[in-house]
Every structure is written in C-alpha cells, then in structure tokens.
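Peer 1: With the hints as your guide, set chain B onto chain A.
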Amino acid sequence: MAHRLTVILSQGQSQHPAKRELEENLVAALLMERGIDVVVIPHLYDLQADGTGVLALQGVSGHLVVASWLFERATRWTLDRHGVRGQVGVSLLTSEEDEEDEDDVERAEELDAKDRVIDQRELPKRKIYCLDLRVHNNAAPYLEEIKRIYNELNTQVVDLMGWVSGSPKQEQMERFLSPTNDTAVGNVAPLANTNGTAAEAAAQDAAQLKRIEEPPGRRWYPVIDYSRCTNCMECIDFCLFGVYGVDSVETILVEQPDNCRKGCPACSRVCPENAIIFPQHKTPTIAGSAAVGESLKIDLSALFGAPVEGKSAIEIAALERDEQLLMTGREAVGLSVGIPKRQTDKPAQPKDELDRLLDQLDELDV
Amino acid sequence: MSDALVFLMGNFAASFPTDRQYAKNHMWALPEGDVIRFGFSAYAVRLLQDVYFLDWIVEPDAVVNEKQQLGAIESKKAESDLYAPLAGRLLQFNQELLSDPSSINVDTYGAGWLFTMQASGAPLLSPPEYIEHLASVWEVTQRTIKGQMNE
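Going line by line, the protein sequences match chains A and B.
In case it helps, numbering that gives the first Met the number 0 puts the first sequence at residues 0 to 365.
In case it helps, numbering that gives the first Met the number 0 puts the second sequence at residues 0 to 150.
Isolated chain B (complex conformation):
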C-alpha cells in the first residue's frame, strides 16, 4: 500500500489506497484479470467498528443484480444488510471470515476481503471520485446514525 487518500470522519482519518477502485456502497474493488475482489472500505469499517458476524444468503456462482441483497453483517455498533456493488457473477466468498471476521478490522484492504465477482462494465469510482462521493454522503450518514440513536 504505497499511496492513499484520506477522508476525515470527524477526528478519524479514514484512508483509501489508490491502487484500487471503490463502489458507492463503501466497498473497495481490486481488479485481478477479469475478476474483481471486493472488501469494505475504511469508511464502512469505521461505521461498523468491530465486526462479529457475517452471513451470506447467496451461493457462490450465483448471478446477481446490482443492489441485490447478498447477506448481512453484525458488528459491535451496528447491523446491516449487504448488497451487491454491481451486477455480475459471484465467484467466491472469503470463508475465513465466517468463523473469524476480525480481519475485516485488522487488515481491511488485504485479508479482510469479502468476495470476488466476475463483472464487466463496472460503474466503479476512482479514489478521488470516491472521496468526493464520501464528502457528499457524510452529512446523511451522520444524520442516519444520530437519528437512530435518538429513537
């Protein structure tokens, strides 16, 4: 990881390596031939904090649509359904994470990868574009979190 861009989430500096692309649902995407490897961006991990549980509801080799639900995640602070960053064929889930999801926190951009997909025409963002996207959603994100905490 040589270069990285930084986005400030309050006092927390989330860093985003420039050797890969990003999806709007806060995943990183690293192309390896015609296969793309996905994982959570530092932004997502900061929101989730310690991840305890990850579950996938589709099987490997499934063809999925963009935004189709893939599974769910539970962390110390939050829970969320997880959705496909783009349309394509799901190849492989990171099996290691099923018994021990902690590498999502420890090695976000490496061993903490989530799944690989075969996809084309990917509407992915470059690191600077992703930073711009974050700047535009950061307000909404804070409102969503605070809104629920007040309930």
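Chain A on its own, in the form it takes in the complex:
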C-alpha cells in the first residue's frame, strides 16, 4: 500500500527572482508526480502560532518533506516548535561543506555522552525530511531527492528469509507464497495483484496543490534543538526578557517567543551545547548550520559602518543583552547577571592533594 508524501514548500522572504523561480519550478515539477501532495506556505519561521499555515502543517499526519530557505536543523526545530514532529528522515542533499566535515563524527560521539532532552521524548513514527533550498540553485536535484524519498518510504522492508532458521511469521509466509512487486522503483503503475481498493488507487493519484497565505509579518524568536539541549537552564538564567520557561516536567521551552528582542541572539551565544537556533541570524552557527559554511556574497558591512569586534561570545552576548535592556528603558547589567561560572574559564592551577585523590578515584572506574 503506497504512502502519500506531502511536500511542504516554505517560500523565501526575499523577492529574489532566482529564488522564486526555483520554488515555482519545483512546485510545477512535483505536480507531474503521482502520490505527492504539495502545500506552499509563507516562510515557515514567520508563521503565526494559530495561523492557517501552522494548522495546515499540523493537519498532515503522514510522511513529510519540508523544503525551506533555512538550514535543515532550523527547519526541523521550527517545526518541532509548531508541534510538527516525527522521526528524522535523512536527506542525501547535503552541501559539499558538510561532506568533508570530519568533526561531525567526533561531535556525534560527544553527543552520545550526555543526556539530551530528546531522549525523554516519544516521537511519532512518520518521517520528516528537511531540505535546504540554498544548497542547489535549480529545482532538479530537489525533485530527484523527493522522488528518492518517496520510493524509500514506499519500499516496504519485509524480512523475507528471516525465518530460515525458525518458523515464518504469517506475514512472511503470505509474501513468500504470493510475491508482489510493489517495491519496484517508481511504484507508479496501479498494482494488479494487490487487493486494489479505491483508497489505494487514491494514494497513487496525481499531485494536489494547496497554497496557503498569511498576512506578511516577520517574527524573531529562538528555537531549541532538543537533540542537543541538556536542560541545563543557562538560557533561562541569562535571558532577562522572559522568553524561556519550563513545561510540566521541568523541561526548558520557549514559552513567550514574542517577548524576544528582535535581532538579539545573545542566549544562543551562552548556550554551552549550541542548541539554540535563531534561523534568521547571519552567523551560520547561530542560524542552525551543522557546519560553518562560507557566504557566497560580498559582505559590505565594513563599508556601511560595522563596528570592529574582538570579543568573546559571552561578552558579545552581554553587550547585546544590555543594548536590549537599555532600549526597553531598563538598566544594563553587563556580565553581572546569569553568566555561567564555568570551570573552563578558570586559570589552570597546579594540582593539589585533593585533585590527585580525585584522579585516582576516576581511574578506579567504579
């Protein structure tokens, strides 16, 4: 039985003609496919919590592909924020920078060492694939990837010969006795030898297109990557604008996104796990890049009056926060509030008796 696949296309904010062309070419190409529904929404990040865009997203219960002008992580966790959750579908559309990043492996090992918020959560079985529309400048690779995903989802993994050393399950026996070919690549022709119901035929129907519009308006708020977040609470200590809160089981969440100060990414700089994403920030690591990529355009900021910087992330964060405090008529607090006292910031001192004792304890591996 074929699964329909819903492709969400989140439009860019920019009127860039090349971007609009890519979007429309992709939509047009998808409409030629079978088994795929297309929903075009305004920019995902700007959607209002109770708007038609979010409702439409929440209304899709099956597998999802979400293509947007954001880093994949930013898309995934913005969806999570809107209550749209699922298993991570792995897209093969990574940019070249990602492929040669060997730090990923180390990072992954490091990630396993700590308890992450996501470990406590049960996610729906359906898969969500996020595609970053900035990786390629034409629609073809995206179309190909979406077709690949469609086939991947409709390739039923049945362990046909797993019963060789035991007795077959009923399902395996049935398949063995009456093999079907519904896993063939493409999977578009109506299947003759399955029990072809009307519903099944519908699943193979041509694509449907829905366009959703919302009044324009740009938002600014953090989204938390719960696969990185350790619930350490440093963000809630640092932010003085009441953006963060905790849920019924004391897990950090962005409780009042609209309290966030436009342009201020300070909490993301103090997060020890780099778990806080501001999808629209210019710095790739803050905007949700897995790896740091180089911008392709010339940066004229220096000519247009950018100040010269040379400060630590925490110092920059404190300055950014002060700026926002002053703007709202409050006192600047500098580094005096909510700055974590991290051990790593301490100057290294010679080991004393206690240190040696502790080292020995560690070696005992109890």
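Simulated from the structure, these hints should not be mistaken for laboratory data.
Since the model is a prediction, treat every value here as computed from it, not as a measurement.
Beta carbons are placed, not taken as given, at the ideal position from N, Cα and C, and that holds for glycine.
Keep in mind that a hint or two might mislead.
[To be verified] Some, not all, of what chain A presents toward chain B, calculated at C-beta under 10 angstroms:
| hint | residue |
| --- | --- |
| 1 | Pro16 |
| 2 | Arg217 |
| 3 | Tyr220 |
| 4 | Cys231 |
| 5 | Arg260 |
| 6 | Leu299 |
| 7 | Leu325 |
Peer 2: Structure of chain B alone, referenced to chain A:
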C-alpha cells in the same frame, strides 16, 4: 532634483543631489522639520546593485545609538548589515520596501527612502564634504570588494 554633484566610480558616474545632506555610511539625509528622512546614496546603490531583500531588526519608535545595527540588506551582488547614521529616535520604516525593495534602485532619492528619524546635533556632511569623503574611501572600498572576490 535640480543640481547634483557627481563622483566617478570607475566609469560609473554616481550623482548626488545638492538639496540634502549625507552620512558617512552612504545614506542621504533630507531634513523635514525636526524629522530627517534617510535613504541610500547613489554610491551605496551602485555597490549593492539590484536590491532583493531588506529587513529591519529594530521597531519603530526605538531610540538608537549611532552605528547601532538597524537591519540587513541583500542584493544581487552583496549583503550587508545596516547601521544607524546617527543617534536618535527611529520613527518610521518605508513599509513599501519590505515587499518590493526595487524602488531603492529605481528612485534612489525619492520613493526608495529607507526610514525617518528624529535626531539633533546631526554630524552630517554637505554634498561637497560627502564627495571629499568618497574620494578618501573609494580606494578602501575597491580593496574590500576585490579582496573578497579573490577569496
């Protein structure tokens, strides 16, 4: 626009009307009572070329410092953060530009205005002073652009 001064950026003649003042970050400033209207100078527009996207990160009515970041711009050739030309109170952003920023290119000194501010003691430049300023930064500008293109 009756009179204008001209500065040659290579072969391109950037023209600057003399009915207004200029800020060092390449904006024009047109006083209207105690309110000053700002927009990009032809110099800035020539560097940016076709503007595709403009975003502001402060709200109207915000009090801003000189050189505080106000937003960002993306064009065909470049991107940049944008900074306050002087300290004061931001009154209004040109809303038209948010959906269609093309008037920055089409009508740089008119419909392409960016925002209005209430400010006093403005350290703004007269048109001849701005031309002098351009002459002094033109070298650096070219180096900045070429430097990045070689990266």
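Peer 1: Decide, hint by hint, whether the structure agrees.
Peer 2: Now the hints, each set against the structure:
1. Pro16: At 8 angstroms from the nearest chain B Cβ, proline 16 of chain A passes the 10 angstroms test, so the hint holds.
2. Arg217: Holds: closest Cβ of chain B sits about 7 angstroms from arginine 217 of chain A, inside 10 angstroms.
3. Tyr220: violated, 13 angstroms
4. Cys231: Because about 28 angstroms separates cysteine 231 of chain A from the closest Cβ in chain B, which is outside the 10 angstroms limit, the hint is violated.
5. Arg260: holds, 9 angstroms
6. Leu299: This interface hint holds because 4 angstroms falls under the 10 angstroms limit.
7. Leu325: Holds. Min distance 8 angstroms.
In this structure, the hints that do not hold are numbers 3 and 4, in rising order.
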